[in-house]
Amino acid sequence: MTQKTLPQRLWRRPTAARGYGGYLAPGLLLCLLFLVVPLAMTIGYSFTTWQGIGDPEWAGLDNYTRLLEDDTFWASFRNIGFIILGMAVVPTLLGLMLAAVLFDHIAKRAPAALVNGLRSGLYLPQVIPVAVTGLMWGWILAPQGAVNDLLEAVGLGGLTQNWLGDRDLALWSVLAVLVWMQLGYPLVLFLAGLQRIDPELYEAADLDGASWFQRFTRITAPLLRPELYVVLVTTTIAGLKVFAQIYVLTGGGPGDATLVPSYFAYQNFFERADVGYGSAISTVMTVMVMAIAAVFLFRQNSDDRGM
Amino acid sequence: MTLTTPEAPAGLPAPTTPGRGRGRSRRAGRADTRLPRARARRPLLFWPVTAAVTAFVLAFVAPFLVIVTNAFKTSADYRNNGPLSWPEEWNWDILADVWERVGFTQKLVNSVQISLGVVLIAVVLALFNAYALGIGRVRWRNAFLVFFLAVNVLPQEGMVYPVYYVFREVGLYDTKLGYTLLIGVVYSAFGTYLLTSVFAGFPRELLEAAALDGASRWTTLWRIVLPMSWPTLSVMCVFFFVWSWNEFLMPLVLLISGENQTVPLGLSVLQGQYSSDPTAMSAAALLGVVPMIAFFLVFQRTLTRGISAGAVK
Amino acid sequence: MTLPRIPTRRSVRAALAAAAATLSLLAASGCGGSGDGGGQTFTIWHYEDPEGALGTAWQAAIEEFERTHPDVTVEFELRTFDQMQQTSGMVLNSDEAPDLMEYNKGNATAGLLSSQGLLTDLTEVAQERGWADMLGENLSTAARYDDSGRMGGDRWYGIPNYGEYVLMYYNQDMFEEYGIEVPTDQASFETALRRFADEGVTPIANAGNDHPAQHWLYLLALTQADQEWVENYQFRGETDFGGPEWTYAAETYREWLDRGYFAEDSVGLVGNDMTESFVAGEHPIMVGGNWWYGGLADDIRDFEWGALPYPGSELAPGSAGNLWVVPARSQQQELAYDFIDITMSPEIQALLGNEGSVPVSVDPADIEDERARDVITGFQSLEENNGLALYADWPIAGYYDTYVAAVQNLMNGARPEDLLDEIAGPYEEFAASLG
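Protein chains in written order, with full-length UniProt numbering: chain P, 1 to 307; chain A, 1 to 313; chain H, 1 to 435.
I should point out that these hints are in silico values taken from the structure, not numbers from a laboratory. Please note: incorrect hints may appear among the correct ones.
Okay, the calculated beta carbon distance ranges per label pair [claimed, not checked]:
(1) A/ALA55 <-> P/SER211: 21 to 27 Å
(2) P/GLU203 <-> A/LEU212: 27 to 33 Å
(3) P/LEU68 <-> H/GLU428: 15 to 21 Å
(4) H/GLY243 <-> A/TRP99: 52 to 58 Å
(5) H/GLU304 <-> A/VAL68: 34 to 40 Å
(6) A/ALA59 <-> P/GLU200: 34 to 40 Å
(7) P/GLY155 <-> A/PHE46: 30 to 36 Å
(8) H/GLU428 <-> P/THR49: 17 to 23 Å
(9) P/ALA291 <-> A/TRP99: 44 to 50 Å
(10) P/LEU93 <-> H/ARG194: 49 to 55 Å
(11) H/GLY136 <-> P/THR49: 34 to 40 Å
Examples of chain A residues lying across from chain P (beta carbon under 7 Å, computed) [claimed, not checked]:
(12) PRO63
(13) LEU65
(14) VAL68
(15) TYR131
(16) GLY158
(17) GLY201
(18) THR232
(19) VAL242
Now the stretches of chain A that chain P is said to cover, found in silico as 3 or more residues with beta-carbon under 8 Å [claimed, not checked]:
(20) 104-115
(21) 194-200
(22) 282-293
Built from N, CA and C at the ideal position, the CB exists for glycine as well.
Using the sequences and the accompanying hints, generate a full structural model.
Here it is in structure tokens:
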């Protein structure tokens, strides 16, 4: 063991650490094989006209020029902002608040069973297969569904809406369902992260008379920064890639009011057998998502250094 | 905790951002005179907040009741009273019927095998990767991180055709092994990113102490890094299990034979092109969710840890 | 503080150990193929509800096949339509291809597979075994494709054994309750709509997020059209979206929406919601495919109802049903032909009819149920008069989505012109591609 003699130097120069390559190799290799090769193939297909079977025909940049002029594609991007709001921003903020309330307020006095129940309940939507979620919310948001029934029952019949059928409302309804589905994920990650925090820190803050909100903004949120980044990055990426949720809830409709790029790609891959064009859409999305991911990572990294 | 390092703390690692966190809380702590009032106010707020959160969670899970009640309704009951009524009587026949129609036992075995396989592959690979990137801080660390994040971003539907051709060539098409490997590797990229981020705040003192003790990289991983990563690792296990259980598009394309298919695929047989029987769909949905809930109960503690740690004084 | 961590670690370890064990199991099962015994195996896939008319009839055909081929083991697998649509090309291009399977007729489905060389050319065997005679010219359109996979070509790539069309279902009790005559032509149909609307009843059940809404548009155009117009639209890339047929269809749709003949909030509904509302007696009229018939017959308990061809039109959306196709990689082509023969036999055809489907070759006298006989004779007269007009979205792969979106927009208040512009866009590209 060589590092035995040179431990100081090794730990002091973290970027030059040796002996870790063996740990990285298998994961890297498998990723190359299973993910990079397909990615390269997809990029290759994007320059062809191809139905998925037989020989692709070289098409140069045709698919990309077509993409630039395709209104449907850009319409699908318009909706992505909303989707990210519903899958990343709102669940992250809400999850952070709830995690802090559960950890630093309720769990201190309430029986453990109640706390378990609350956490399990909030995670439940994550466990339900997306297809089931779609079916369920389809019933609930239908014109004669639960939401409208409930509104009528409490005398607010005037507020009933065609939640998934109305052009202006459908996206908001989808957004609400996405928040519902997504909330458990950040919550659970944050709760796991909170364990790293020294309870004495809270006790000290308590003794100092800090309010709950002060503890939240000054201890909980800053210490959860790694998880916050992870959650924001992964949910934003998931939002950009969102497919199944839209597929089961609205099929992109009414009209193209809730169409998203992945679903548009799916239509080209599987319904129109236009694999070349679908690949071009996928490639453009991949590039965009990578750009966003790189920005996040850069920010995260400079924050890590700042610590 | 079986740490041999001299300075190993008995419990949790020190906070990762001591500078900012502590500094601010000290500043907040100057107002000693406010202490009694703050103490007195909190118990009053406790019950309202708890009640509010409980109500929120109850409303949150209410939609799921729709599935449960409809799974037990007869078709006539559903037709007469709609999807939102309470069942006239609890009818177990539909569940049994759906179980038999989709060959549920086989699908269940497949799903359990595949999900456990995915968890194993993904967690082990992610741990190794993150050890090298987060703890080891190897050269090009950020480039690698971008790489792992990037391979995660290719939309699944875009991967269908390439993966199909690759798998067909190497004989992994329509095999559980091939599918498990693929999903395991996809998730490992996510896990690498998650763990690396968490490791960024790993207390360096511990590692230095281990190195001083002459611990090898392997020993350090198993004796120091791994024990301190259980909370995140166990949450990852839960995520991966649940996600792989619910995957739909990739297994649809890659698992063709009935004997290889997973639970969600098997259950989708109930939804015909033109026909769909809502009570059977509900029963299928319930069957699909029950194994997840069982899993969830078993791993209750995993997810509970975060909260119970806060409760310990 | 250390205590709570221990169970977690154990459970994770246990899970990992279990995972390792299953992984080795997976590896083992990955290598083993399906072991063949001594005899032959014959693999059939279809995606029909096993309880429905087609599922029942085909199950009977499998049993008959097993009886006549005692040395063959039949391996039947029930698929889903979505799965077949998304994966059939890949499956048929691999060793997993079945020996015989059901597949959707159409350019984007069977046509695409045929042009990719994944299906067996059945032209000769269709003549030899007499299938071509049983399926007339009009009906077999959807079974024949040309080199580029376009429907209506001269080579057979699939054999349908049932037909389908869009017809009018009506709630007899509601008509009687309001003293309204069951309509017999377009004028009396509109009169009935108006009178129901005057009574505060929304007459037509519809579903905007599914095929029924676009069937309506096409059906309205068909009321003004002839066979020539249909062929131009379907096969020749020649249609005028500013012409009288389409204009009438779009404007009438708009008018009927405005007058409340369609439920305003049906824009987000799917087909099943539509049938549920008809079964629940909310609307007296539902225009839909005969594929709903079996379900309605099972579900309607509270009122008298009937099923007749749409009264206002000589033409109706309709075609042969889904096809039996023989994959090019099928190992058992002769057995596949034997099986198709069985599905065309009088026994299975009569069974199809009695279960509520429309068999392609049946004597109506063999059908016991009067209402089912009405549906079959309605189909037969359409077929004789070349009245099966296929479906609106057939000319172009993926056109279906365009139609759903365009009609949904109309239902949400768009103008008729907008609707026609939306569907004209992809069609012009298609017409240009035909050169």
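Next item on the list: Sort out which numbered hints this structure fails and list those numbers smallest first.
Entry: 13, 14, 20
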